[in-house]
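Chains as they are written, first to last, in the working numbering: chain A, 78 to 216; chain B, 78 to 216; chain C, 78 to 216.
In case anyone wonders, no lab produced these hints; they're calculated from the structure. C-beta: ideal position from N, C-alpha, C; glycine also. Check the hints yourself; a few may be wrong.
[As the list claims (entries may be wrong)] Some residues of chain A that are not near chain B, with every Cβ distance over 12 Å (derived):
id, residue
1, Arg93
2, Val96
3, Glu103
4, Glu104
5, Pro152
6, Thr161
7, Gly162
8, Glu163
9, Asp164
10, Arg208
[Stated by the list, open to error] Among the chain B residues that face chain A by a calculated CB cut under 7 Å, a handful are:
id, residue
11, Thr82
12, His122
13, Asp160
14, Val180
15, Leu210
What follows is the residue order along each chain.
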Amino acid sequence: MKSLTEYLDMEVPSRRGFVNLTPRVEEAVERSGISEGLCLVNPMHITASVFINDDEPGLHSDYEGWLEGIAPHEPTGRYKHNDTGEDNADAHLKRQVMGREVVVAITGGRLDLGTWERIFYGEFDGMRTKRVLVKIIGE
Amino acid sequence: MKSLTEYLDMEVPSRRGFVNLTPRVEEAVERSGISEGLCLVNPMHITASVFINDDEPGLHSDYEGWLEGIAPHEPTGRYKHNDTGEDNADAHLKRQVMGREVVVAITGGRLDLGTWERIFYGEFDGMRTKRVLVKIIGE
Amino acid sequence: MKSLTEYLDMEVPSRRGFVNLTPRVEEAVERSGISEGLCLVNPMHITASVFINDDEPGLHSDYEGWLEGIAPHEPTGRYKHNDTGEDNADAHLKRQVMGREVVVAITGGRLDLGTWERIFYGEFDGMRTKRVLVKIIGE
Chain A
78 MKSLTEYLDM EVPSRRGFVN LTPRVEEAVE RSGISEGLCL VNPMHITASV
128 FINDDEPGLH SDYEGWLEGI APHEPTGRYK HNDTGEDNAD AHLKRQVMGR
178 EVVVAITGGR LDLGTWERIF YGEFDGMRTK RVLVKIIGE
Chain B
78 MKSLTEYLDM EVPSRRGFVN LTPRVEEAVE RSGISEGLCL VNPMHITASV
128 FINDDEPGLH SDYEGWLEGI APHEPTGRYK HNDTGEDNAD AHLKRQVMGR
178 EVVVAITGGR LDLGTWERIF YGEFDGMRTK RVLVKIIGE
Chain C
78 MKSLTEYLDM EVPSRRGFVN LTPRVEEAVE RSGISEGLCL VNPMHITASV
128 FINDDEPGLH SDYEGWLEGI APHEPTGRYK HNDTGEDNAD AHLKRQVMGR
178 EVVVAITGGR LDLGTWERIF YGEFDGMRTK RVLVKIIGE
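Whole structure, please, built from the sequences with the hints as guidance.
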């Protein structure tokens, strides 16, 4: 069995935003030399998501508005978590809707993704450096 | 390490529907000859989910109504994604609530599922052929 | 390739509650002797979640109120699933929002978690014994 571990730095200059990670994950798969296996991608933070969906700005705008409806940022005082001095309780909720991680198959040395599947980092409490973990195991 | 990759064709004759994939995934596990490992099951599409829950029609009807409340199909014009000519923005949202993939343990050559756990394909934009990926690694 | 399979008993004395599983999963990783691999943690039940988020009681209270708003327990008659004699349809919905499982990287013989990442069991239909599966594969 072979494995590869990489940490990607993420810097989203706004509170919320989506970043296409697919090219960076593909490069990690190439570096791993693994042809059959599994690739885990997850943020190492609890106010962000890694998810798979469409690389289409209209959809990302829909996600933004929809998540804000489900778990509004304001008024921040509505959340007990924010009594700790934080203002990011909504980000912990939004991240659960979008999910923490993805596991992607590696087949023939490539990410085995459908035509429109792209791996995204979803930031819900940005403006600081965060990390994404890529872990690949296989042969 | 051994691995197996299979692609299942899915054809749901309505916009939305749920299909029990468990028997087909169990057959793939048998074909793999793997006794200890992990099994990833995911749609290769971004308007569908693979999830684990109960094989009970009343619950599926509850999911249908609940998801329609959280992310309504109509009016389709409320979503920017639909400005691209699509009418399936709601399906991209519903899929995030239900999740993309499941990872199931394989123990003693079988899917290590609880008594009521069944693997489902959730279609949110059907009436065309889609594919589900089954990837198994282990020994 | 090495693997380890463990089943953890869970007993939450109320309908809903959150339990930090991280120490028990770390112990399983140590017992496995695996230094590079993947660790799957999932409930073997369909009215519970395993998820990763903050070990902060205010946030857990926020989750409780937020999930009750998205998928209320009462009136139980609003759900078709409850026509089967159950009263836990809401738990099947809440579990989809919070997710079924987590997959965590193992690096250098440890769970490769970010500073604030903790593995939680989320119970939505408690007051009976349930089981959580820990499956580790790697080398």
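- request: Compute the least Cβ-Cβ separation between A:Pro152 and chain B, then decide whether it is above 12 Å.
  value: Per Cβ check, A:Pro152 is outside 12 Å of chain B; nearest 22 Å; holds.
message: Using the nearest Cβ pair, does B:Asp160 come within less than 7 Å of chain A?
response: At about 6 Å, which falls below the 7 Å cut-off, the nearest Cβ of chain A leaves the hint on B:Asp160 intact, so it holds.
- prompt: Is it correct that the beta-carbon of A:Arg93 has no partner in chain B closer than or equal to 12 Å?
  reply: Non-interface label on A:Arg93 holds, nearest chain B Cβ at 15 Å vs cutoff 12 Å.
- prompt: Should the hint that B:Val180 touches chain A count as held when the rule is a Cβ pair under 7 Å?
  reply: 5 Å, holds
Cut-off 7 Å, beta-carbon criterion: hint that B:His122 touches chain A: Holds. Min distance 6 Å.
message: So A:Glu104 supposedly isn't at the interface. Is its beta-carbon more than 12 Å from every beta-carbon in chain B?
response: 21 Å, holds
query: Against chain B, does A:Glu103 keep a CB gap of more than 12 Å to every residue?
result: 16 Å, holds
field: Non-interface claim for A:Thr161 versus chain B (Cβ beyond 12 Å)
entry: 27 Å, holds
Distance rule for A:Glu163, whose beta carbon must clear each one in chain B by more than 12 Å: 24 Å, holds
- prompt: Would the least Cβ to Cβ distance between A:Asp164 and chain B come out above 12 Å?
  reply: Since the minimum Cβ distance to chain B is about 24 Å, A:Asp164 lies beyond 12 Å and the statement holds.
field: Interface-negative label, A:Val96 against chain B, beta-carbon threshold 12 Å
entry: Given a closest Cβ separation of 17 Å, the condition holds.
query: Would A:Gly162 pass as off the interface with chain B, using Cβ distances and a cut of 12 Å?
result: Nearest chain B Cβ is 30 Å from A:Gly162, so the label holds.
Checked against the numbered hints given earlier, this structure breaks none of them.
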